[in-house]
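Protein chains: 2
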Amino acid sequence: MILKYKILILLLILLEINIFSQINSDHPNLFLTPQSVKYIRENLGKYPIFDNSLEKMKCEIDTLITKEIDVPVPKDPAGGYTHYRHKRNYKIMFQAGIMWQITGKKEYANFVKKILLKYAYLYPHLDLHPVKKSYARGKLFWQLLNESVWLVYTSIAYDCIYNYLTGEERTEIEKQLLIPYAKFLSYENSKVFNRIHNHGVWAVAAVGMSGFVTQNKQLINAALYGIMSQKGKAGFFTQMDSLFSPQGYYTEGPYYQRYAMTPFLFFAQAIDHILPKLNIFAYRDSILLKAVETTLQLTNLKGQFFPFNDAVKEMSYLAQPLILAVDIAYDRNQSKKSLLSIAKLQNKVIISGAGLNVAKDIYFHEAKPFKKVSLQINDGAHGQKGAIGILRASSNGNNITLLMKYASQGLGHGHFDRLALMMYNNGNEVFLDYGAVRYVNILYKEGGRYLKENKTWAKQTIAHNTITLDSVSDFKGNYKIANKFSAEAYFFDSSNDNIQLMSAKDTNAYSGTILHRTIVSINDSKIFQNPVIIDIYRLKSTKKHTIDLAWYYKGQFMKTNIHYVPYTRSKSVLGTKNGYQHLWVNAKGRVNDSIFHFIFMNQHKFYSLTSNSNDEVYFVQIGANDPHFNLRNENGLILRERNKDNYTFVNVIEVFGTHNPISEVTKNLNNSIIKTELIYNDKAYTVVKITKQDHTNLNLALSNNNNDKNALHKINIAGKTIRWHGVYYIFTNL
Amino acid sequence: MILKYKILILLLILLEINIFSQINSDHPNLFLTPQSVKYIRENLGKYPIFDNSLEKMKCEIDTLITKEIDVPVPKDPAGGYTHYRHKRNYKIMFQAGIMWQITGKKEYANFVKKILLKYAYLYPHLDLHPVKKSYARGKLFWQLLNESVWLVYTSIAYDCIYNYLTGEERTEIEKQLLIPYAKFLSYENSKVFNRIHNHGVWAVAAVGMSGFVTQNKQLINAALYGIMSQKGKAGFFTQMDSLFSPQGYYTEGPYYQRYAMTPFLFFAQAIDHILPKLNIFAYRDSILLKAVETTLQLTNLKGQFFPFNDAVKEMSYLAQPLILAVDIAYDRNQSKKSLLSIAKLQNKVIISGAGLNVAKDIYFHEAKPFKKVSLQINDGAHGQKGAIGILRASSNGNNITLLMKYASQGLGHGHFDRLALMMYNNGNEVFLDYGAVRYVNILYKEGGRYLKENKTWAKQTIAHNTITLDSVSDFKGNYKIANKFSAEAYFFDSSNDNIQLMSAKDTNAYSGTILHRTIVSINDSKIFQNPVIIDIYRLKSTKKHTIDLAWYYKGQFMKTNIHYVPYTRSKSVLGTKNGYQHLWVNAKGRVNDSIFHFIFMNQHKFYSLTSNSNDEVYFVQIGANDPHFNLRNENGLILRERNKDNYTFVNVIEVFGTHNPISEVTKNLNNSIIKTELIYNDKAYTVVKITKQDHTNLNLALSNNNNDKNALHKINIAGKTIRWHGVYYIFTNL
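Note that the protein sequences, when read in sequence, are chains A and B.
Quick note: the first sequence uses numbering that gives the first Met the number 0, first residue 0, plus one each step.
Quick note: the second sequence uses numbering that gives the first Met the number 0, first residue 0, plus one each step.
Fair warning: there could be bad hints in the mix.
Note: identical chains are not told apart, hence a pair may lie in one copy or across any two.
As the list claims (entries may be wrong) - When the alpha-carbon atoms are kept at most 27 Å apart in a straight line, the in silico DSS-like pairs for lysine-lysine are as follows:
| no. | residue 1 | residue 2 |
| --- | --- | --- |
| 1 | K117 | K666 |
| 2 | K666 | K347 |
| 3 | K666 | K131 |
| 4 | K57 | K691 |
| 5 | K232 | K359 |
| 6 | K666 | K301 |
| 7 | K576 | K713 |
| 8 | K232 | K45 |
| 9 | K343 | K113 |
Hints are computed from structural coordinates only; laboratory data are not their basis.
Given the structure is predicted, the values throughout are model-derived calculations rather than measurements.
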């Protein structure tokens, strides 16, 4: 596959002169086109979502266009005035540029022109930004990333008013501002520019779009194919090849996928307008359109992105980048009517032909439900670097989502969280991932940048619902090594709604150690009256370790069966480094007879965790060593097994009961699981037994090393012979 | 006023024979009447809310009426099976009784009959309930309260099917069950029965309603006028006289007012049907109807009751007791169209003529908005026992509610919280009251009863946003003494929307000590660009004390100006008793130059607290000495002043800025207040100065001992003479 693309790129390079000769140089041609402007003008007043979106933009911009806009000398970090002002300025230029095209009112064009000329006057005098906090400083902004974003929007604004400007004005803006600005982003910062990373995508889009609008072939070339000797290994095509898996998964994770989609789609749209023969949206089996749908699948019921890796939890598909993404994706494939139902929730469209088509088709009731499904989303350019597994199941009153990360590290924003689990019910977090330690754009918190605790806590393995060995994170917390390896998808089956399974392994996170985790979601009242999740987490190592399995839960402690010592009058910290220094120990207990139960209440439902754990249990709270109160004080459990080289946790989660705080009625406190056991475990097979209140039991057998769906298996347990075919087998009453 | 009622009662007693001779003995006559049944039957299918409410009741009951209903021998505490079953049984009898009246289907009547006969068989064999956890044990239930509730609903059910039963069946049910049950509740438990308390109201309603349906004059008499020598000091009339203030405030607070309204209204309705000449709903200037409106005013924007005293926070006016209350209140005074808008939110009505009228008038669009206003709600039978002060103010994007409790103790469910403050914005807690430590009806938490920490934490003064002296609660935590005294309303003015003020004193909570707190809510962009709350809390004592002023806030710590020592690796507890044992010290700081600032973020808005505090500040978290994890780990600040006999805190809260987590934009981080000072303070006057970023200032003068609105005042400050009339004066740039 990749070879095919390389040949394509080669062909494109050879055909370069030919392609450039075909450049469509009508303006506008980046975001809008003369045709789309005509189409919009003809359809104003017809489709409410479009009209409201336009009206909103108009309201925002109309209060400003009579005012003098400040273009200050850059000084402040993120969250500060000059940072805010330059961000605001590109947005208002973009909006006014579009308004000029739609309405033809000169005030808009003149407004953009005035600001552009101010920048053209300021820019040649600028040195690097005075705030030295980024590995790649900009000029207007403290980091190059914002610098790129500015140029993407400003190029569009300039394109919109291009025909309004005199040749002299164009020359001034291009020579003093756009071209040197784009060269600074590309040739003067080629390391960032060639980087396969969201910062690189923004830089490439910025340089490419300013290249188009200034008809600068050097810039266009750099944007499409990278700079210098690295030709073919950088640039937009390489980014499309490398940053997405074949299913359109972006390796940094959904929070960054949201952010990176914007430059991908802006630039792709411009390429499509200007170099239509590249047929960019069909590239790599329509990878960009696939990526949009994959991003939407990676959200909870509230539309919030699953927060693995660095992620701020409230971010959702209601954000502007997803409005752009959904509108463009629908416009390019109008058979995807389910995208319209997301657009309806967004209740806003982009002001372009794509946005108009979305609004129109919503108006004509063409929206179909967007179905979130169970699926395995492979990571890696060839889909070879593990995956994200998602199991979804509904049953009366519960809508459960389970997520396991067995993908690659996720680049610089990745966390050391191999085989970590998350669980939601009805869109609410039950077992949670901390996300990032960051208050984006809030000045009080280090200007809104990542906080120190993001590294010391959020990225560490102990901050996640997975195993940490010997109190040291995966790959000893070494990003460069972690980045070389991914976990491994072992088996995924969501063909039966009632019994779904995902299973994955990791053999690199800890040297000489195999981690193998299997999550089974059971929603079958013939098996269990309540929804049940079985989690079998096997560890096999060449050495003995202290094994910590963490469970961060949201909710109120209700009950546990074990005796514990609560630290009621003084509290201390679980450890000194690798994230452990951030955990207060609230209580410490010991498990007898390998039966651990814990019940908590979350959003008026009850959850029990039953485990075969047989050593220590720590009840912990996040927040130690946090002098600036940056962390949320969330609660967790750590199941600790000491001095083991071969251990298998059999954990079962049961969802039961409801409490209504208005009627004050509690119903169905009838959790049924009383015991979980490992009854067989060798290299080839693992069998677990789950015992219910009524003393019946359920057994699950797994083939550990043969994931062939049709393979035949046979084992002897307790004098019985058990035979099955396929990776797993569920049977009752052993 | 009260004298008038006493004469009325006397007259009623003298006229007793006369009144009883007028008893309307048609059935049904407690909840429904023959006329209301006819009215309902004629109007089925017309008004959706009524039809849906009926359909819902039908669905609930129809799945049961063919089943055998268990009437078990009582055994379990709250949350257990037999407790649940007996609660469920009165509800289904009540529903089936009503369904029989509405539909005439014999299955319903027969269903009720069968259950009643089971109870009639069981009841004579019952001794006191085996669970010994209540001061007043029942027979079916662990506490007498549930026992009373059962009889209220069961009396209605019996009344509904009265005409369906044979004389023999009636005799059996009355002689074996209803009369002995009612006698147990009244004559055999006269202490509870005569109690002026919600338990007493339920008992009285139960006994009165069963008295009506069995035509037992002794029971009716007891219910109306109390038992034995206490005649005239107990019973329903006395409860109406004593438990409500003239404005209809129920002294235990709104959470219990909600609960107590049900027996008041059920019984009043029955009295009105059976003894219409008593004109019960007009009694005491329509006190019951006033009480309904007052209860609704005591809710936040989400409809949740303000949680002072023992209260579970999620309880709201959507609860069934408020559906009953709103429907009956509207039915009795159909000019109160604003009640219909609450009924619309409830989206459910009671199945009676009252419910039908509500549904009908909603259908005909008669609902008017229910306006929540600033008001002072006096406490005490004569309105003489202090008050609850509520200030409400809206300004773009903020809808702020401030609440101060300067009422009486609130009986046994009261907290030691004189002059405590609560603040909400847009229905979200900002500065909060803990409420009760209880998980109602959740078996895991002591069967759902009040937990130990309710007494050791929630009731204590340090758990509230007010002053604690020498680490000891108000009245040394002695309920009997606290109950004798109330705080004192000093001044309340909500006549100007932009500047509202409430001021109150307490002279009893701490011996030899005057506490005087004044809250000013300013929403005037000419004075401050943002909403500002000024809190002047004066203390004058005959002795020196350690003064703690607590602020429990919801939100994330953003910033403080003071140097503090964070307890990052070990934590200890603030004290050993009186609630202090439940506070972890997260950090401790010292204020320099009497300027303390603290900024936190709550629900995407920012709040600053600026204080003239000049000694120690503790950053605390609730949760120490909580071995069963019963407490919520909320955060607070304690401003501590040592060794002072005369101290005035000048605290200012400013509400500013917004953070949008979807667009990641933070706006208007422009808090303006930099300093608060006490610039004049003597017995007669207090003057404070608030300095802004731009170095202008605002001053507030208060008259401390003359609350005459027209009095003239004069003081000299800094060589200037300030003159004003009235209790307070705001002036700029001193």
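Verification of the supplied hints:
no., hint, verdict
1, K117 x K666, "between (67 Å within a copy, 24 Å between copies)"
2, K666 x K347, "between (41 Å within a copy, 21 Å between copies)"
3, K666 x K131, "between (58 Å within a copy, 24 Å between copies)"
4, K57 x K691, "neither (63 Å within a copy, 35 Å between copies)"
5, K232 x K359, "neither (41 Å within a copy, 73 Å between copies)"
6, K666 x K301, "both (26 Å within a copy, 25 Å between copies)"
7, K576 x K713, "neither (46 Å within a copy, 64 Å between copies)"
8, K232 x K45, "neither (47 Å within a copy, 72 Å between copies)"
9, K343 x K113, "neither (36 Å within a copy, 54 Å between copies)"
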